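First to last, the protein sequences are chains W and A.
For the first sequence, the working numbering assigns the number 140 to the initial residue and increments by one for each residue that follows.
For the second sequence, the working numbering assigns the number 145 to the initial residue and increments by one for each residue that follows.
It is worth saying that the hints were derived from the structure and are not from the lab.
The reader is advised that the hints may include incorrect statements.
[As the list claims (entries may be wrong)] Computed list of chain W residues with no C-beta within reach of chain A, every gap over 10 Å:
(1) Arg195
(2) Arg213
(3) Val220
(4) Pro230
(5) Glu237
(6) Gly252
(7) Glu263
(8) Gln310
(9) Asp339
(10) Ala356
(11) Gln359
(12) Glu385
(13) Arg398
(14) Leu400
[As the list claims (entries may be wrong)] Here's a subset of chain A near chain W, in silico, CB distances under 7 Å, partners left out:
(15) Pro232
(16) Ser354
(17) Asp360
(18) Val361
(19) Thr363
(20) Val368
(21) Gly373
(22) Gly377
[Claimed, not checked] Across the chosen pairs, the derived CB separations fall in these ranges:
(23) A:Ile347 / W:Thr275: 53 to 63 Å
(24) A:Asp375 / W:Asp197: 17 to 27 Å
(25) A:His290 / W:His209: 31 to 41 Å
(26) W:Thr266 / A:Leu302: 48 to 58 Å
(27) A:Leu351 / W:Glu367: 50 to 60 Å
(28) W:His329 / A:His290: 14 to 24 Å
(29) W:Arg398 / A:Leu156: 35 to 45 Å
(30) A:Ser301 / W:Glu375: 29 to 39 Å
(31) W:Ser198 / A:Met298: 51 to 61 Å
(32) W:Asp395 / A:Ala411: 51 to 61 Å
(33) W:Gly156 / A:His290: 45 to 55 Å
(34) A:Arg283 / W:Gln328: 25 to 35 Å
Predicted model only: the values in this text are computed from it and were never measured.
Built from N, CA and C at the ideal position, the CB exists for glycine as well.
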Amino acid sequence: MEARILEIQELDFSYRGKKVLRQISFGVEQGTILSIMGANGSGKSTLLRLLRGRLRPDSGSVWWGRTAAHRLSRREMALKVAVVPQQLQQPFGFQVREMVAMGRYIYQHPLAGPSRRDWKFVDEALTSTDSAHLATRCSAELSGGELQRVMLARALAQQAPVLMLDEATSQLDMGHKRSICLLLRDLGQHGKTIVQVSHDMNSAAEISDKILLLSPAGEQIAFGPPHEVLTAAHIEAAYGVQVDIERHSSTDGRTDILRFLPQPLSFGSAP
Amino acid sequence: MQLGIKHTYLWLPLCLIFLGGAVVAGLMYGTVPLTAAELVDILFHPHSAGLKSTVVWQLRLPRVGLAALVGMALAVSGTVFQAVLRNPLADPYILGVSGGAALGAVLALTFFSAQSYAVPSLAFCGALSALLLVYLVARAHQAATHTLILAGVMVGSLCTAVLMFLLLYSPADPMRNALFWLAGNLARGEERWLPYGAGVCVILVLLLWSRAGLLDVFTQGEDVAADLGVDIGRERLFLFCAAGLLVAIAVALAGLVGFVGLVVPHAIRLLWGAGHTRLIPAAAIVGAGFLVGADALARTVLAPAEVPVGVVTALVGAPFFLYLLRLRGR
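Excised from the complex, chain W in its bound form:
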């Protein structure tokens, strides 16, 4: 078993007197993909912020190795974690290449710009996210999906061992979503640890090693491999929706592939 790089113990967090997260405990091993799932407002993004030390828990703790998250400086944290944020507005238009180079900020001398080595990582990241053709475009003119790929490229250029994605594929079409999922799985197999917030149950179940499912009240419903966590009962507790689950065997017969089908709208709407 790989070493745990992130350990969360009995974490409680409240915001303005309201409990947002209660008694969350789990661990993340290096090179695994964890998907955090749950309804809107169940505290998924807040949990990601707690993990990278941007918020301090009321009680319980977040450990990066032997260091508590809030004791790491911004720079130290950025060397460990690269974040793909939720969609954000771009008030200024940058050249896409410059936008991706921002991911290299921590490696630059405070008085110098990006080095040749920095630009090499920038171009690699653009290529691996299918966005090399966007390199000289203006960031303000990009579509939502293009911008998300550029943001992912920036996080990859940061070369941190952990990648955090906050609903980072929400704006992508089916084809690009699939290629990003393949890229994430590939990165996981090459030792990158990935923690993502996702609403896409089918792809999360397929690429994740572990799933953390939160209830609308911010409690931990279950944590474990997808086929243990994503049961019909758990999903109904998390989302209040009944689903049919199809189980397929993959071609090599070793893993189960789950497919989730929500009940058609015409069911259950009548009292």
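Starting from the known structure of chain W, arrange chain A on it as the hints suggest.
Relative to chain W, chain A alone:
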């Protein structure tokens, strides 16, 4: 339209041509107009006698230099405020920072002499206090864009009101000073600290240029910047102080000149994008040229009388601001 940002290598020659043209205009036009041939002759024979030579060497050249310095300081500080506050409408004048600096400077003039270092020092204190006030008010409201502008305009008005009161209350030559501070003017510049102020400005601009990567990251919002590894609190303080000092020196030398910091960076972003590696030096050069040109115009339109240069920049800048406001409202 998917032109992208290309031909970025053209920025330096084009910016220098603009500055060069403005300087030539600044030297040629005024109460005593010169032809190009006369100007070349005078510039190549610095010790020749005659009225026109004196005008160029004693009056126009120092004045063009002062305009260039003030324009550079205002354009670069505007660029920095826009990046840190993530708001393309931020400008030292609109944010009330210039007003704070002017109030500080006039307080110093009331109690000390115009020669004193107290003038730029108190201008700096005034600039930072105004900035802090605006920043805290806008931060309390999360929707910063328009709150920030409103807070800035209010702080600016407050400073101007106190300034007017002080000017009318103080005995020495109140009306001339009032016009000077409220509308901007490049007609003086006898301060003993001027060379030091100029030196500090150039050093600050170079320092900010060297932190171009930091400014780039700040435009992504403080949240994202923190994730990219920026110690937000410390770096923001550094950037605010550097930009505030630039404004303080500009205001102590030339009074309230508005909109340079708004128009210049915006025009450059349209041409070559928002990357600060180009934006900071381009804003410095074009800002210098813009104010030199505006001053040439201010000296010519009503010659032999002079229009305050702040009037010229406001005539260009205020409509431009309204246009941007409309554009963003969509």
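Verification of the supplied hints:
1. Arg195: 14 Å, holds
2. Arg213: 5 Å, violated
3. Val220: It is violated; Val220 of chain W is separated from chain A by about 8 Å at its closest Cβ, not greater than 10 Å.
4. Pro230: For Pro230 of chain W, whose nearest Cβ neighbour in chain A is about 6 Å away, the distance does not exceed 10 Å, so it is violated.
5. Glu237: Per Cβ check, Glu237 of chain W is inside 10 Å of chain A; nearest 4 Å; violated.
6. Gly252: Violated, because the least Cβ-Cβ distance between Gly252 of chain W and chain A comes to about 6 Å, which does not exceed 10 Å.
7. Glu263: 18 Å, holds
8. Gln310: 17 Å, holds
9. Asp339: The assertion about Asp339 of chain W holds, with a minimum of 23 Å to chain A.
10. Ala356: 25 Å, holds
11. Gln359: 25 Å, holds
12. Glu385: The claim stands: Glu385 of chain W keeps its Cβ more than 10 Å from every Cβ of chain A (closest is about 38 Å).
13. Arg398: Check passes; 34 Å lies beyond 10 Å.
14. Leu400: 36 Å, holds
15. Pro232: Holds, because the Cβ-Cβ distance from Pro232 of chain A to chain W comes to roughly 6 Å (cut-off 7 Å).
16. Ser354: 4 Å, holds
17. Asp360: Holds. Min distance 5 Å.
18. Val361: 5 Å, holds
19. Thr363: Check passed: Cβ of Thr363 of chain A comes within 5 Å of chain W, closer than 7 Å.
20. Val368: 6 Å, holds
21. Gly373: 3 Å, holds
22. Gly377: 10 Å, violated
23. A:Ile347 / W:Thr275: 53 to 63 Å: At 33 Å between Cβs, range violated.
24. A:Asp375 / W:Asp197: 17 to 27 Å: About 25 Å separates the Cβ atoms of Asp375 of chain A and Asp197 of chain W, which means 17 to 27 Å holds.
25. A:His290 / W:His209: 31 to 41 Å: At roughly 34 Å between Cβ atoms, His209 of chain W and His290 of chain A fall inside 31 to 41 Å, so the hint holds.
26. W:Thr266 / A:Leu302: 48 to 58 Å: 54 Å, holds
27. A:Leu351 / W:Glu367: 50 to 60 Å: For Leu351 of chain A and Glu367 of chain W the Cβ distance comes to about 56 Å; the hint holds.
28. W:His329 / A:His290: 14 to 24 Å: This hint is violated: roughly 46 Å between Cβ atoms.
29. W:Arg398 / A:Leu156: 35 to 45 Å: 58 Å Cβ-Cβ, so the 35 to 45 Å window is violated.
30. A:Ser301 / W:Glu375: 29 to 39 Å: 59 Å, violated
31. W:Ser198 / A:Met298: 51 to 61 Å: 43 Å, violated
32. W:Asp395 / A:Ala411: 51 to 61 Å: This hint holds: roughly 59 Å between Cβ atoms.
33. W:Gly156 / A:His290: 45 to 55 Å: At roughly 30 Å between Cβ atoms, His290 of chain A and Gly156 of chain W fall outside 45 to 55 Å, so the hint is violated.
34. A:Arg283 / W:Gln328: 25 to 35 Å: 44 Å, violated
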